[in-house]
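Asker: Spelled out from the first residue to the last, the chains are:
2 protein chains.
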Amino acid sequence: MLKVPEHQVAGHKAKKGLLGPLVDDSGKFYKPLQNNDARGSTELSFYTTLAVTPAIRRFFPDFYGTAVVPASDGSGPHPHLILEDLVSPYAKPSVMDVKIGSRTWNADDSEEYIAKCMKKDRETSSLPLGFRISGVKDSISSWEPSRTFLQKLSAEGVALLLRKFVSSFNAEDSDRDCDFAAEVFGSVLERLVELKAWFEVQTVYHFYSCSVLVVYEKEKGKAKPVVKLVDFAHVVPGNGVIDHNFLGGLCSFINFLKDILQPLHH
Amino acid sequence: MLKVPEHQVAGHKAKKGLLGPLVDDSGKFYKPLQNNDARGSTELSFYTTLAVTPAIRRFFPDFYGTAVVPASDGSGPHPHLILEDLVSPYAKPSVMDVKIGSRTWNADDSEEYIAKCMKKDRETSSLPLGFRISGVKDSISSWEPSRTFLQKLSAEGVALLLRKFVSSFNAEDSDRDCDFAAEVFGSVLERLVELKAWFEVQTVYHFYSCSVLVVYEKEKGKAKPVVKLVDFAHVVPGNGVIDHNFLGGLCSFINFLKDILQPLHH
Numbered sequence: 001m002l003k004v005p006e007h008q009v010a011g012h013k014a015k016k017g018l019l020g021p022l023v024d025d026s027g028k029f030y031k032p033l034q035n036n037d038a039r040g041s042t043e044l045s046f047y048t049t050l051a052v053t054p055a056i057r058r059f060f061p062d063f064y065g066t067a068v069v070p071a072s073d074g075s076g077p078h079p080h081l082i083l084e085d086l087v088s089p090y091a092k093p094s095v096m097d098v099k100i101g102s103r104t105w106n107a108d109d110s111e112e113y114i115a116k117c118m119k120k121d122r123e124t125s126s127l128p129l130g131f132r133i134s135g136v137k138d139s140i141s142s143w144e145p146s147r148t149f150l151q152k153l154s155a156e157g158v159a160l161l162l163r164k165f166v167s168s169f170n171a172e173d174s175d176r177d178c179d180f181a182a183e184v185f186g187s188v189l190e191r192l193v194e195l196k197a198w199f200e201v202q203t204v205y206h207f208y209s210c211s212v213l214v215v216y217e218k219e220k221g222k223a224k225p226v227v228k229l230v231d232f233a234h235v236v237p238g239n240g241v242i243d244h245n246f247l248g249g250l251c252s253f254i255n256f257l258k259d260i261l262q263p264l265h266h
Numbered sequence: 001m002l003k004v005p006e007h008q009v010a011g012h013k014a015k016k017g018l019l020g021p022l023v024d025d026s027g028k029f030y031k032p033l034q035n036n037d038a039r040g041s042t043e044l045s046f047y048t049t050l051a052v053t054p055a056i057r058r059f060f061p062d063f064y065g066t067a068v069v070p071a072s073d074g075s076g077p078h079p080h081l082i083l084e085d086l087v088s089p090y091a092k093p094s095v096m097d098v099k100i101g102s103r104t105w106n107a108d109d110s111e112e113y114i115a116k117c118m119k120k121d122r123e124t125s126s127l128p129l130g131f132r133i134s135g136v137k138d139s140i141s142s143w144e145p146s147r148t149f150l151q152k153l154s155a156e157g158v159a160l161l162l163r164k165f166v167s168s169f170n171a172e173d174s175d176r177d178c179d180f181a182a183e184v185f186g187s188v189l190e191r192l193v194e195l196k197a198w199f200e201v202q203t204v205y206h207f208y209s210c211s212v213l214v215v216y217e218k219e220k221g222k223a224k225p226v227v228k229l230v231d232f233a234h235v236v237p238g239n240g241v242i243d244h245n246f247l248g249g250l251c252s253f254i255n256f257l258k259d260i261l262q263p264l265h266h
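Protein chains in written order, with the working numbering: chain C, 1 to 266; chain D, 1 to 266.
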């Protein structure tokens, strides 16, 4: 009983003729293994060899192996990673995908891929802000801005968007109430500060084009968010050097959250 | 009584026919104001408008205004910044210049300048490590590796070079004694952790192509280093965003120092 995910905000989407992820009713997320390049095998080997402490393991989706299932594009059986469906516990999830790092490529990539990524990093907020919002959605109000709009936001635009993500009043042009800021971003901040401490010392992995995914239920008292890292198709060995690209972008994103939370404490 | 600095390890050097910095006998450093582009005025306005707390101000050289003095290249009177000569208190200084950041350019630079910087960032350790060693010198042993050699070092090469910088035994192929590691890098680390705390919150300046300069006297009991930021010709406004490029590189450099200090504590 595989179906197209209802709340996917970033990445390739399954459509007629397009290969994309699928979900089942038991909370599993089936991600197609790309077989046209190394990306699929990179992500598979990342999950199969991931060796971190239990506290850090919580930042990653659960992994249940691989399976050959009918592809979303109707092309027949195709190998998929079986992952935890992070939005499945939520009735009406609010979801945000934030791609971390001012640079989404690394030195070992092909010149063609580097040029493509560099162009996008410069056209979006990645270069100036150290991250870009790849997707966002509020299942209650059906608010789901286009990816192009999101990725190119200025610092002011990102701040407004983040405030809207944690507001209950979603009329386009009004002030944000930020009703959920303390509960949601307070908790996200705690998790990200923990993640930052790990990135300050870990030299095993460099995460290019990887995202922080935030999911929460926009309902008072139930809004504790989940914070996970997703997308490991471009993880490379750190070889004794910290991931300064991810760390810098993460610190920048943390600073945006702090800016929203700080006025609440006055 | 202006003369060519004896211990300059990076930047344009004054030579016959070349414009470079000069020093006097009173501890002042005269840096030519570039008049062929915006760099000189950028650095001048940085020093004249710098508004930070006294604790952070200590990371920057003292600034004494400008003066028109005879240029080092013999072309006659030329405007210079008058700065603190950071090595003047030292009899036989050991000096290291570390250019921080994986990227030495910003989005407002010309395409030509961006291409030039990007090429160099990729050819040197800037891209993989988040910093490159621009120059190093030990005035006792006259050890002064070439800049090209330094800038292209691998992670292992940088670690070895840093160990050599704090060793008293400087024979090229022997083990490093790291006799000065605890005294010098212990103190550098303290200062850089303080600097990092500032970079985690300051959104006023983005420092491209800026260096951390470390100077100390290789003599037991007198080896307390000075740690300063230098070169502000490419500082741009932060506009509410932290300098994630500098911060990431700084964290990477800090991690290299920690790796050298940690075994000493066992």
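Careful, some of the hints might be misleading.
The calculated lysine-lysine pairs, modelled on DSS-like cross-linking and capped at a C-alpha distance of 30 angstroms, are [said to hold, decoys possible]:
id : chain 1 : residue 1 : chain 2 : residue 2
1  : D       : Lys13     : C       : Lys119
2  : D       : Lys116    : C       : Lys120
3  : C       : Lys15     : C       : Lys116
4  : D       : Lys152    : C       : Lys116
5  : D       : Lys116    : C       : Lys228
6  : D       : Lys220    : D       : Lys15
7  : D       : Lys28     : D       : Lys220
8  : C       : Lys196    : D       : Lys28
It is worth saying that the hints were derived from the structure and are not from the lab.
Asker: Now tell me, hint by hint, if it's right for this structure.
Answerer: Consistency of the hints with the structure:
With a C-alpha separation of about 36 angstroms, the suggested pairing of lysine 13 (chain D) with lysine 119 (chain C) is violated against the 30 angstroms cut-off. With a C-alpha separation of about 20 angstroms, the suggested pair lysine 116 (chain D) and lysine 120 (chain C) falls inside the 30 angstroms cut-off, and the hint holds. For the proposed pair lysine 15 (chain C) and lysine 116 (chain C), the alpha carbon gap of about 24 angstroms is at most 30 angstroms, so the pair holds. Of the pairs offered as hints, the one joining lysine 152 (chain D) and lysine 116 (chain C) holds, with about 26 angstroms between alpha carbons and a cut-off of 30 angstroms not exceeded.
Taken as a hint, the lysine 116 (chain D) and lysine 228 (chain C) pair is broken in the structure, with Cα atoms around 38 angstroms apart against an allowance of 30 angstroms. Taking the CA atoms of lysine 220 (chain D) and lysine 15 (chain D), the gap is about 34 angstroms. The hint is violated against a cut of 30 angstroms. Proposed proximity of lysine 28 (chain D) and lysine 220 (chain D) is supported: the alpha carbons are some 27 angstroms apart, at most 30 angstroms. For the suggested pair lysine 196 (chain C) and lysine 28 (chain D), the alpha carbons sit about 41 angstroms apart, so the restraint of at most 30 angstroms is broken.
Hints 1, 5, 6, 8 from the earlier list are contradicted by this structure; the remaining hints agree with it.
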